[in-house]
Amino acid sequence: MLQIDRLARCFGARGVLADVTLQVDRGQRLALHGPNGSGKTTLLRCLLGTLTPSSGSVSVGGHRAGTRAARAATGASLAQERSFYLRLTGGENLRLFARLRGVPAAAVDALVDELALHELVAQRADRCSTGQLQQLAFVRALLGDPPLLLLDEPTRSLDADARARLWAALDRRMDAAVVFATHLDDDLAHATSVHELAR
Amino acid sequence: MSALAALARRDLLLTASYRTGFAFDLAWGTIDVLVYYFISRVVGLAPGAGLQGAPSYFAFALAGILMSLIVSSAGSEIASGLRQEQLTGTLELLVAQPVRSASLAFGTAAFPFLYALARVALYLAIAVAGLGLATGSTDWLGVAAMLVVAGLAFVGLGIAAAAAVVVFKRGAIVDAAIFAMTFVSGALFPLSVLPGWLQAIGKVMPTRPAFDGLRAALFGGSWGTDALVLLGVAALTIPVSLVLFELALAHAKRRGTLAQY
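Read top to bottom, the protein sequences are chains A and B.
Using the working numbering, you'd call the opening residue of the first sequence number 1 and step up by one each time.
Using the working numbering, you'd call the opening residue of the second sequence number 1 and step up by one each time.
The hints are simulated quantities; they were obtained by calculation from the structure and are not laboratory data.
Do not rely on the hints blindly, as some may be mistaken.
FRET-style restraints, in silico, Cβ to Cβ [said to hold, decoys possible]: (1) 13/A / 122/B: 33 to 39 Å; (2) 243/B / 168/A: 43 to 49 Å; (3) 5/A / 235/B: 38 to 44 Å; (4) 169/B / 3/A: 47 to 53 Å; (5) 109/A / 16/B: 21 to 27 Å; (6) 172/A / 239/B: 43 to 49 Å; (7) 201/B / 68/A: 38 to 44 Å.
For each residue, glycine too, the CB sits at the ideal point set by N, CA and C.
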C-alpha cells in the first residue's frame, strides 16, 4: 500500500531524514518511534504529500504521494490542535471534510456513533479541549475508510477511555495500512513493526 | 462541484458565526450608499464631467460602489481567505484532501462573491425603494450579466493574489492594488475630472469596462462590448492564475512552508 524508497528531507543545510526505505502493506501497523525532533512528523508529511522529499520517492497504492489519487487513499491526522475551523462545531467540521472527500453525511454519523463522540460534534471546536480535538481529528482521518492512515502522535492528549476507543477502532479496520508517529513506548504494543528515528 | 458547495457553505457558517461583524458589514454598506446620496444632494458637478448616462452623481457613484463590491470580493477575498487558512492552520489539511487546486481556489472565492451579490441586491433595493433611484431604463439582465462577468474577470486576479499569499504569506498589497485600480478607473468620480495622466492610466485598467458596463446596463446604455472585454480578461487571466496557484502550492510543499504562517 505504501512504498517509501530512499527518502531524504533537508531544511536548508539541516538534514532531518536520510535514506528512509520502508514498505507498509494493508493490515500492517508501523510505528515511527523516536524523540522530539527526530523527524516523525516530517516523514508523515512526506507520506501525505504536503511536504516534498528532498530526494527519494513515496508511493501510495501505486500513486505518487500528493497526487489526487494518493490523497483520496490517505486519511491523516496531523497537528490536530491547529487544523479545525474553530468557530464551527465538531460536526460541521467533520461534514465539511466529508464533503471534500465525497463521503456521505451518514458516514460521519456512523463514525460519531462508533467512537461515542455525540457531545463533541455539537460543540464549537474552540470550546473543545486538546484531547477532544484530537479525537475529532482521528474521526476525520477515518472518513471514507481510506486504505492508508497516517496518525501523528494519536494518543498524546487522550485519556485512557479515549485511547482504548482509538485502538479498538483501528482493530476493526484490519484492512488498513496504518503509520503512526509516537514517542510513547506504550503505543508500540499496538504496532506490527517499529521504525526507529533518531535525532 | 460538491467541493465548491462545501467550501462556500463553510464560509457562510464562519461569516454567520460573527453576528455583530455580519450586521456591521451590512450597516456600513448602507451608510456608504447614504453618504453618496447626501453628497450628491449638496455638491454640484464640475463642468464637463460626464456621468455616463447616470441621472445624478448619486446614481453614478452607486454603480461604482456596487461594482467595487464585486471587484473586491473576486479580487482580494481568495487571498485573504487563504491567509486566514495559513494562520488558523487549516491550509495543510485542506490541501491534503482529494480536491483539485482549482476547486480549492474557486471554492474559496464562491461565498465572498455570492455575499457580494446579495449586498449589491440589498443596496440596489434601498436605493430604488428609499432613495428614488430611477430604473425606468434599466436592463436588469444586463446588470446581472455585468456583475457575473466582472466577478469572472477579477477572480483570476484573486487566484493569482492567493498564489502570492501561499508563497510570501502577505496579501495586503492586493487590497491596495484593487483600491488604486477602482479609484483611477471611475468608481466614484468620472474619469474626466481626474488629471490627464491618471485618466490615461484609468482608461487601460480592467476595472474600467466593469464600471462602464454596469452604468450602461443601469442607465439605458449598451453594455455588450464591456461584457465581452471582461470575458476576454477572464479567459486570459483564469488559466494563467490557476497555473500560478498550482506552482505556488508545489513551491510551498518543496520549501515545507504549507503549515507555516
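(request) Check each numbered hint from earlier against the structure, then list the numbers of those it violates in ascending order. (result) 1 and 4
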